[in-house]
Amino acid sequence: MALPLVFFALFFAYPVVAIVGRGLKDGGQWQLGRAGEVLSDPDVLHVLWFTVWQAAASTGLTLLIALPGAYVFARFEFPGKKLLRSVVAVPFVLPTVVVGSAFLALIGRGGVLDDLWGVRLDTSVWAILLAHVFFNYAVVVRTVGGLWSQLDPRQEEAARVLGASRRQAWFRVTLPALAPAVAAAALMVFLFTFTSFGVVQILGGPGFSTLEVEIYRQTADFLDLPTAAVLTLLQFAAVLALLALHAWTVRRREATLTLVDPARTARRPQGAGQWALLWGTLVVITLLLVVPLAVLVERSFAGPDGYGLTFYRALESAASMDSTFAVAPLNALRNSLAYGAAATLIALVVGGLAAAALTRRGGRLVRGFDALLMLPLGVSAVTVGFGFLITLDEPPLDLRSSWWLVPLAQALVGVPFVVRTMLPVLRAVDERLREAAAVLGASPWRVWREVDLPLVRRALLIAAGFAFAVSLGEFGATVFIARPDNPTLPVAVARLLGRAGELNYGQAMALSTILMVVCAGALLALERVRTDQAGEF
Amino acid sequence: MSTTRRATVTALAVAAGLTALAACGSGGGESADPKTVTLVSHDSFNASKSVLEEFTRQTGYKVNVLKGGDAGKAVNQAILSKANPQGDVFFGIDNTLLSRGLKEGIFSPYQAKGLESVPEELQLDKAQHRVTPVDYGDTCVNYDRAYFTEHKIAPPRTFDDLLKPEYKGLLVTENSATSSPGLAFQLGTIARYGESGWQDYWKKLKANGVEVVDGWEQAYNERFSGSAAGKGKGDKPLVVSYASSPPVEVLGKKPEPEEAPTGVATGTCFRQTEFAGLLKGAKNEKGGKALLDFLLSKKFQEDVPLQMFVNPARTDVKVPELFTKYGEKIDKPGTVAPEKITENRERWIKQWSSLVLK
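Chains as they are written, first to last, in our numbering: chain A, 1 to 537; chain B, 538 to 895.
Chain B with its partners taken away, still in its complex shape (with noise of 0.2 angstroms):
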């Protein structure tokens, strides 16, 4: 009896300490409180806390972040909500569900401040300003560079080699339909060889033993023979991942080596644009303009590359050392127009499914 009087005691004590703790978590309710302007992203959306608090510093309003999963989710749950939004402003809309976002009519008109540092080719709704771009990303095939210097073989560079004898069994990518590098590497594809060429190509590197998995975390941790996590142990030295993905491998490594370990087949990029919009309904309107405004400004604009790793939106803009020293410049992206990407993009997925992964 006295054990069981002891044990009960201590989880009595226990969960009172849990529930003090819990109580002390608690303090984030928030109220429609008008000093505060709620930002609504996906998961990979971070800033700095300082530049955000500079934000606050300069225009009294304090951000709150929301974020709703990958970026199709968080797309899909704000047209979801589009009754009642979640909050005032939305980022993270790219180019491949843009016209989703824009035939839902989710966003309010306005024209942030600083839109003419941004280059054209990245204001995809510059008619009507309801989405502002604020970075970009290319999707691209990594290759691991140990591997092709013991192999004394070549690394490829375009969507065309890849088909080469050379490269047989090496390449690994991922499920168009279920991971957003995939599409995009499809999508890629496609601008390349167009809707009529696509499939011919699919086929060509299906017979060229490409591997397909669900998503980017077992493509690149565990597949990828350039990746450090997987400590070199994965067997395809091409992978479909990003081009900022080789700035990131020399993170935390010490000496700096002279360039990293992977690099990018420059050739075979698909170029993802970012946008962010006011949201209609939105409870701050005039807060929300601010935000867009600031998101567009050199300080938020400076902070992206390393936050996020993808580039800014404006030209004018610092990209740090990183980047420039290890990180590649892609002159010719592939690009799809946004209406085309969402009358399609079931279709595609479909007639790529049934090509490649039966």
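Chain A with its partners taken away, still in its complex shape (with noise of 0.2 angstroms):
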């Protein structure tokens, strides 16, 4: 517990303690009466209003469009399953300048909706909730999904064999069965649009603004330390509250099921109902998934003498310009890749330490603990990279050039998923078996070694990849301190958008379609090593 306690003061707390504090302290006074003044703003409440009401609205929207699709991937065996699966999650892990440039392209000015019902959705709150289920889809059908597809069905026949309805059985026993994952599966949804950034950026317009853009416009172009010193507390105290009623939820879950085998409850669908609600889940999936991203794809190839691989081919050739702009797409890939990889390592060693460290033990401090290791989730990336700034800076801690300061911020988003994977798996180890181990005579880690690491290497592995995921698609604290001459993909892609002509946004789209293609292999992979045990993602 020592390692990720001491990880986390130092790359994560001490840096915002530092730029929170200095906004809140000025020439060694406490600015306290800033705070009453921020918060009475009228404009910092509308925005404060319409970050919890869009949170509020975009996860019930996930919820009614996301929970039949859980029901199918549980229930359902049908072929390209595994590979629907992974494209699902693929929106989750791509960075928002990607995604914005495809869905401005689906529903903006001219976009495929436009020309065929001229129906245009862009800046208006519609696209940002669409675009909030785009991306959090994938944890709806994963967290819920993954439970129901353990849970029982003989449970449900029962309640029907017994003279119950079928919608009686449905709210009677599955209903109760699933709400914690539900619950959950909400909760995770109200925290990643609560601290909405890019997609509100970019496909909200002007008339939108969330806690977190506001934080980002405050810190980054004002200079307004005090005020974003009293807006990240406020989002702070939201976000522990978030993270308190998850992982309340979470326990209850684990404590009253028993769960089978998810091979033994999927079977085909039978009868027209159940064919049509696949169908429609799979005709949803593709309007709301595959589309925006097949708009991605198509941009990349249609050039200006038609399609072809003229972008492609100008993303090659910029390896040999001379320019410090140009980066060979093969060198941004490697250093995605080599970041990627180094902060999927740490993660791993973090994650997997602190939730061996939280399966072992109880208590209030251990859970504070739990809930701390989720924070960086609800924490803006410009706080954090500004708090780098103040505090990494000098020997021997001035990593502010160093290679590894992207890695080590990347791992801050990755340990999260490493400990929501691994811990339900690691509490699922039956104690005996270590103590057993113990009376043997192994050694702590021989124990690890022999009892917990076979039965969670499957888990560890998923792990692996999540984290891997999610830092090839980290932007928001990357773009703060990747230097220049190693940009990662998401990184060269928001520069190719930042300049005109065809050229350069031909590229950024297909720069996006490799991201995107190397995302989707890492999920794929991923598939193939499934665990029985779902996770909490």
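In case anyone wonders, no lab produced these hints; they're calculated from the structure. Some hints here could point you the wrong way.
[Said to hold, decoys possible] Keeping only pairs whose Cα atoms sit at most 27 angstroms apart, straight-line, the calculated DSS-like set for lysine-lysine is:
1. 869(B) / 855(B)
2. 741(B) / 689(B)
3. 640(B) / 25(A)
4. 25(A) / 887(B)
5. 619(B) / 663(B)
6. 663(B) / 823(B)
7. 743(B) / 895(B)
8. 650(B) / 640(B)
9. 836(B) / 572(B)
10. 25(A) / 619(B)
11. 817(B) / 25(A)
12. 823(B) / 640(B)
[To be verified] Quick partial rundown of chain B residues pointing at chain A, CB under 7 angstroms, derived from the structure:
13. 614
14. 617
15. 623
16. 754
Computed from a predicted structure; not experimentally measured. Beta carbons are placed, not taken as given, at the ideal position from N, Cα and C, and that holds for glycine.
With the hints in hand, could you dock these two chains into one complex?
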């Protein structure tokens, strides 16, 4: 537990506390009056209201659309299921710059919908909500669907035999069993949408601003650190409350259920109703998830003289171009992979140790630590970035221009995923096995190696895969600190999008497509080693 | 079991491979090497590799570039880290941010060689030489030639033109609060109509259907009908962009067209001058001074247009044909004094937001 604690203290708590402290203290004086001032500003209240409102609406909409999907993935067996399960997870790990352009191409001016029916949703709140569904569909499908596939269908059948109607059986038996998972998924989606930044910036237009966007603007544009600090604390409080609720629902879920092998619960759909549900879900997934991604791919091939590899060739020849701007795609890809691998290693070590510590010990302190590990998901990247800048600036910890800064920052986001994936599996390991080994004379290290490791190996791989995919797509912190001579794929995409001209735009689309394929590849590789225990993501 | 084991072995092999990759990517950790000089800049900084190598040949110093987000963010980073600067030279503070940087005292004075070839009006810190002008560019309304030819109306030329009924609903601009061209356009109207008149102008512009989006990318790539990236699907033939955007639209086009597909409304421009300065507390002060000289050298100045799509500060260097043929020379751009901008920036943006966005 010591190592994860030190890691978080050094690379998360210290920078964040320092930057917030700098904002709240002026010349040694605490500026607490500032808090009241900020919190009574009508503009800030409006932002706060919109943040909560859009997060609630996004969560509701995501549940509405994704729950049938969770059922389909849990209960039906159909060809291409594994591939599809990877596809739905791709958006979750794609950077918002990429998705933003894909969405604009779909629902913006002259987008596909506009061409077909004259429907334009950009700069409306619908664009934000739909993009949030796009990003978080996988969270619901994986969290709820994972548990659903392990619920014994015979329980519901038993209820039916005993005279319950289909509806009654569902409401009395299945729903109560699923409720904690639904609640956990809803809270995760709420957390992600509550702290939404890129989606709101790109798709929302100037009328909309979330707390996270406001923190960014106050910090990066106005250098108004006091206001930013107050807002950061506000967001902190909200995220902590959400995490506490989440931890509570998760504990309830772990406590009560007897689970079965998901392979035995899924079967081919039967009857018109089930087929309709399957096809309905496939249509929804196609429209909502596949089409935006396909538009991206289409644009990457749509060169000035018809379809072709023009943009990919331009990327390739950029390598020989005499400019510090040009980065060969293979270089960006190599940088991304290298950073991602290093971040994954860090996340695995830190997250694995943390998860192990959390399994062994109980108590309030440990639960608090659990929440602390999740906090990076809810803290603005600009806060962390500026914090790094003013704290990690002196030897031996002058990491500001070190190669390791990027993987360290990415690992902060990866650790929660590792912990959440490992924890349920580790908790499911029968304590008596460990005790038996200990009684027989094994050292604690040997107990871990011989008992825990073989049991959690696959969960470990899944955790690694998720941490890796998330690192690949991480943008907010990376853009802040990535060195120009080795940008990652998302950073290179953003740079290209920032320039005029068809060639730059096309190259951005081509790079995005490459990134997407790599993410999808990583996730598909994961499907092959999926554990029976679904984890929490 | 055997599949599990195979998968594990594969994954371990992949992990090992990736780690090896990671290791070969990590060769860049640099120390306080007296032979390197560190340039801190924003995302748009670019130079030809061969030009930077030329600097190394001349002086023996290797340039290490650190970029920190967009211009505003990079400046704020430099201010936050002034006690212990990230590098030796900062490049990319412009006239809209200049006096904030000067007030915070992040620069040491140094008079770079070659300054005599830079026009007076670009030298905004002439008395003390804390910063050196390196390039300038203009933010102007761009228009889609095809649209105006097709509809047989003349494209607008001035701010006043934009209020005319024939241009109703045609202009898309960026949010002043979140986008630097957006702010530049607002400052352009302040330069033109003064502190008393600009709000009135925006009221009329709003009545004439101006649309606002958050960032340049959306405005230009998605909304503007003249950008090739949007495949002409945008429906706004007028957009706030740069005077150098038309030449960029021609890049990579074969055969080269007679004129750029887009043009510039020359009476709507606001000039941004970019400066470089020696950071106070620089570890390699000597190298930093050499780098400042180099930024003003003909070699670097000639490289500026095609790398950053702005104009060189020196008047005595050759500008590439792409710029002279397809670009527009702006004679009377709007300007506002840097101190005035710093003093009023936040208030102006707030006023603009409540006027235009609500």
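Do the hints match the structure? See the list:
1. 869(B) / 855(B): 21 angstroms, holds
2. 741(B) / 689(B): 24 angstroms, holds
3. 640(B) / 25(A): Holds, at roughly 20 angstroms.
4. 25(A) / 887(B): With Cα atoms ~25 angstroms apart, residue 25(A) and residue 887(B) stay inside 27 angstroms; holds.
5. 619(B) / 663(B): 23 angstroms, holds
6. 663(B) / 823(B): Cα-Cα ~22 angstroms, so holds.
7. 743(B) / 895(B): 11 angstroms, holds
8. 650(B) / 640(B): Given that 27 angstroms is the threshold and the Cα spacing comes to 25 angstroms, the pair holds.
9. 836(B) / 572(B): 21 angstroms, holds
10. 25(A) / 619(B): 18 angstroms, holds
11. 817(B) / 25(A): Since the Cα atoms of residue 817(B) and residue 25(A) sit roughly 24 angstroms apart, the hinted pair holds (cutoff 27 angstroms).
12. 823(B) / 640(B): Measuring from Cα to Cα gives roughly 24 angstroms; hence the hint holds.
13. 614: 6 angstroms, holds
14. 617: 6 angstroms, holds
15. 623: Holds: closest Cβ of chain A sits about 6 angstroms from residue 623(B), inside 7 angstroms.
16. 754: Since the shortest Cβ distance to chain A is 5 angstroms, the answer is holds.
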